[in-house]
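Make a model of the complete structure from these sequences and hints.
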Amino acid sequence: MMPRQLSFDLPVRAALGREVFFVSPANAEAVAMIEGWQGWPGRKLILAGPSGAGKTHLAHVWAALSGAQMIAAKHIAQADIPNFASRPIVVEDADQIARDRPSEEALFHLHNLVLAEGHSLLLTARQPPNLWPLVLPDLQSRMQGTMLTQLRAPDDTLLAAVLTKLFADRQIAPSPDTIPYLARRMDRSFDAAREVVAALDAAALAEGRAITRVLASQVLDKLAH
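The sequence shown begins at 25 in our numbering and counts up by one.
No wet-lab data here; the hints were simulated from the structure.
Treat the hints with care, since some could be wrong.
What the hints assert, rightly or not - Result set (EDC-like, lysine to aspartate or glutamate): computed pairs, CA atoms no more than 16 Å apart in a straight line: (1) 98 <-> 117; (2) 189 <-> 162; (3) 246 <-> 201; (4) 98 <-> 59; (5) 98 <-> 141; (6) 98 <-> 116; (7) 246 <-> 193; (8) 98 <-> 129; (9) 246 <-> 231; (10) 189 <-> 231.
Quick caveat: nothing in here was measured; it's all calculated off a predicted structure.
Given below as structure tokens:
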């Protein structure tokens, strides 16, 4: 029997360096925009894409390149705006504060101040800014005037790479035929990839089994019912 490697309930540590971000046609434009950040029009960019598409990963890549600080948009109303505007800044999940007027006003002031200080601004979101239900007209105009780059749904190659990374984050080495098998049969989304890997990890731990194509088939069948 193939032994399960490191068959303990280990913490998940996501690798967030550029060297482990797999480039495919689904994300190549976004990667190029992040790496070419010094040429952003107006020194600002919105990075949009579905959950799990790699927005946080690319935000960390850009923070390492630019020396940026990072803040979740949901915390921006309580933030020290002048401090955050003193260097490049990443605002994560910016679309999630829509209709929260204090947070919208804080983002508007941060946007204006960080650019006035000569720094750059990266915002991440699930949707393009024209779909954010913002209540502050001035913020809406600033967001819609910001260059947008989008992460697309995964193609075959990217889905396999995402599965590989999710297993690696959990310090798991599945059998060689497991990932190609999953990529052909699972729902084609980043959320589904996370769900499948978590379910496989839990099943392998509970049953003391290696992660193989046979276990993958059983887990996919359970998730489908």
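Against the structure, the hints:
1. 98 <-> 117: holds (8 Å)
2. 189 <-> 162: violated (40 Å)
3. 246 <-> 201: violated (20 Å)
4. 98 <-> 59: Violated - the C-alpha atoms of residue 59 and residue 98 are around 26 Å apart, more than 16 Å.
5. 98 <-> 141: Roughly 23 Å separates the two Cα atoms, so the pair is violated.
6. 98 <-> 116: holds (9 Å)
7. 246 <-> 193: Roughly 23 Å between the alpha carbons, so the hint for residue 246 and residue 193 is violated.
8. 98 <-> 129: holds (12 Å)
9. 246 <-> 231: holds (15 Å)
10. 189 <-> 231: violated (23 Å)
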